[in-house]
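Asker: Residue numbers (full-length UniProt numbering), protein chains in the order written: chain A, 1 to 236; chain B, 1 to 236.
Hints are computed from structural coordinates only; laboratory data are not their basis.
Please note: incorrect hints may appear among the correct ones.
Straight-line Cα separation of at most 30 Å, DSS-like style, residue types lysine-lysine; simulated pairs [what the hints assert, rightly or not]:
| no. | chain 1 | residue 1 | chain 2 | residue 2 |
| --- | --- | --- | --- | --- |
| 1 | B | LYS98 | A | LYS219 |
| 2 | B | LYS212 | A | LYS51 |
| 3 | A | LYS219 | B | LYS9 |
| 4 | A | LYS219 | B | LYS43 |
| 5 | A | LYS104 | B | LYS212 |
| 6 | A | LYS219 | B | LYS86 |
| 7 | B | LYS51 | A | LYS43 |
| 8 | B | LYS51 | A | LYS212 |
| 9 | A | LYS43 | B | LYS49 |
| 10 | B | LYS116 | A | LYS98 |
| 11 | A | LYS219 | B | LYS51 |
| 12 | B | LYS9 | A | LYS98 |
| 13 | B | LYS219 | A | LYS104 |
| 14 | A | LYS43 | B | LYS9 |
| 15 | B | LYS43 | A | LYS51 |
| 16 | A | LYS43 | B | LYS43 |
So these bits of chain A aren't anywhere near chain B, every CB distance computed over 10 Å [as the list claims (entries may be wrong)]:
| no. | residue |
| --- | --- |
| 17 | SER7 |
| 18 | SER10 |
| 19 | LEU32 |
| 20 | LEU35 |
| 21 | HIS113 |
| 22 | SER147 |
| 23 | GLU164 |
| 24 | PRO167 |
| 25 | ASP208 |
| 26 | LEU215 |
For glycine and all other residues, C-beta sits at the position ideal for the given N, C-alpha and C.
Protein chains: 2
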Amino acid sequence: MALRTLSAKSAAALDQELMSTGAFSLDQLMELAGLSVSQAVFKLQPLSKGKRVLVACGPGNNGGDGLVAARHLFHYGYQPTIYYPKQSKNELYQRLRKQLEDLKVPFTEDFPHALKQTDHVVDAIFGFSFSGEVREPFPKVIESLESTSVPVLAVDAPSSWSIEDGPPSSGPGKRFMPSALISLTAPKPLVKHFKGRHFLGGRFLSPDMAEKYNLDIPKYEGLDQVVEVPVESGKL
Amino acid sequence: MALRTLSAKSAAALDQELMSTGAFSLDQLMELAGLSVSQAVFKLQPLSKGKRVLVACGPGNNGGDGLVAARHLFHYGYQPTIYYPKQSKNELYQRLRKQLEDLKVPFTEDFPHALKQTDHVVDAIFGFSFSGEVREPFPKVIESLESTSVPVLAVDAPSSWSIEDGPPSSGPGKRFMPSALISLTAPKPLVKHFKGRHFLGGRFLSPDMAEKYNLDIPKYEGLDQVVEVPVESGKL
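If we strip away everything but chain A, and leave its shape as in the complex, we get:
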């Protein structure tokens, strides 16, 4: 049975509902999202496979999830490096950045160089609110992710992909296929174009919200904040 997907429009509505009638704060949701991303990294790339993780963060909430994930990864024993070229002035993101600076996690401006010196990449550049064209300085970043042999975990969406339609028909990202994807709360329609390991995070969704948005709540194991969707992409 395929996991039901959530369109970009519905994902935005669900987030809005979680933060209004659902009474969650963005701080809380981002902490839980970033925690689930960090757990997916740990399951894909245990410390024995290399500690260096390059976390590429975009200017919005997807980037915020990356910043939180990087902090947890530090505490697990990884050595994260952050690429965060378009830093939001939003107070929450500034705080998340400060929390990393206090851990002495390095920030880099040279993505191609950092990519040569890492064991694993987290693509937290664009999430479900992405549409249209990839803006500077990200086209070259996505081109280097397209051609790298380093494993890449994309957060919610491979950056540059259309949330509904998958890879762009031209330009950066046309051949971008990350080795793994973590869908937050529910897979987006793009998942049908994805080939790789697929995780789901969002162990806070109430049964009522799942029903309202016509979503599946998968069976998480133990204390896990992520679950791997095992057989083929998008299937339970």
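Position chain B against the provided structure of chain A, taking the given hints into account.
Answerer: Chain B in isolation, oriented as in the chain A frame:
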């Protein structure tokens, strides 16, 4: 080697520093604290030992940690019930309560009755800012916890205990010895009077802060947000 302890005054200063220069929000810290409490419950009382958990919440931050823990416990498959007689008007606590109501987690006003129908109790009544006398309606609650045979996990402090000196010399709590304790960030001095299983949570403390406050960062396993301090109480 004994884990170094943190006085009530230093614990308050550390919290304040985390939320000012440390750039954490209370939402974030409480989410992580409650998550660690929920993980300690899971390790002490796996689902196979009974799903019913009674979470007793006080009016302050300790109670907020309990509300967060109860939400995570629900998602693990437990059946939490909340006793929360002095509900704060603080917006954060109201949101945490709403998140539980949306999961249809029941709130009870009859603690003795609820205690007869549970497999496990979380004591999140008073934390490190407690001092002086136990106020109504909590004296009877603590007396019933003193005499129950149900396992009790205390959050940061067995409620009614002096943070520095342990059990009160008279009145409710004089003979209160929970079966387990989870210390948040660091054990408080009362730990030397505690006999039982002892966990530590707070896998977000930076090495710099640990050094400044003269604390130990224990070795957490894997993705755990808690670590059991194995040999005797307060010892590594």
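Asker: What are the numbers of the hints the structure violates, in ascending order?
Answerer: Result: hints 3, 6, 10, 14, 19, 20 and 25 break, sorted rising.
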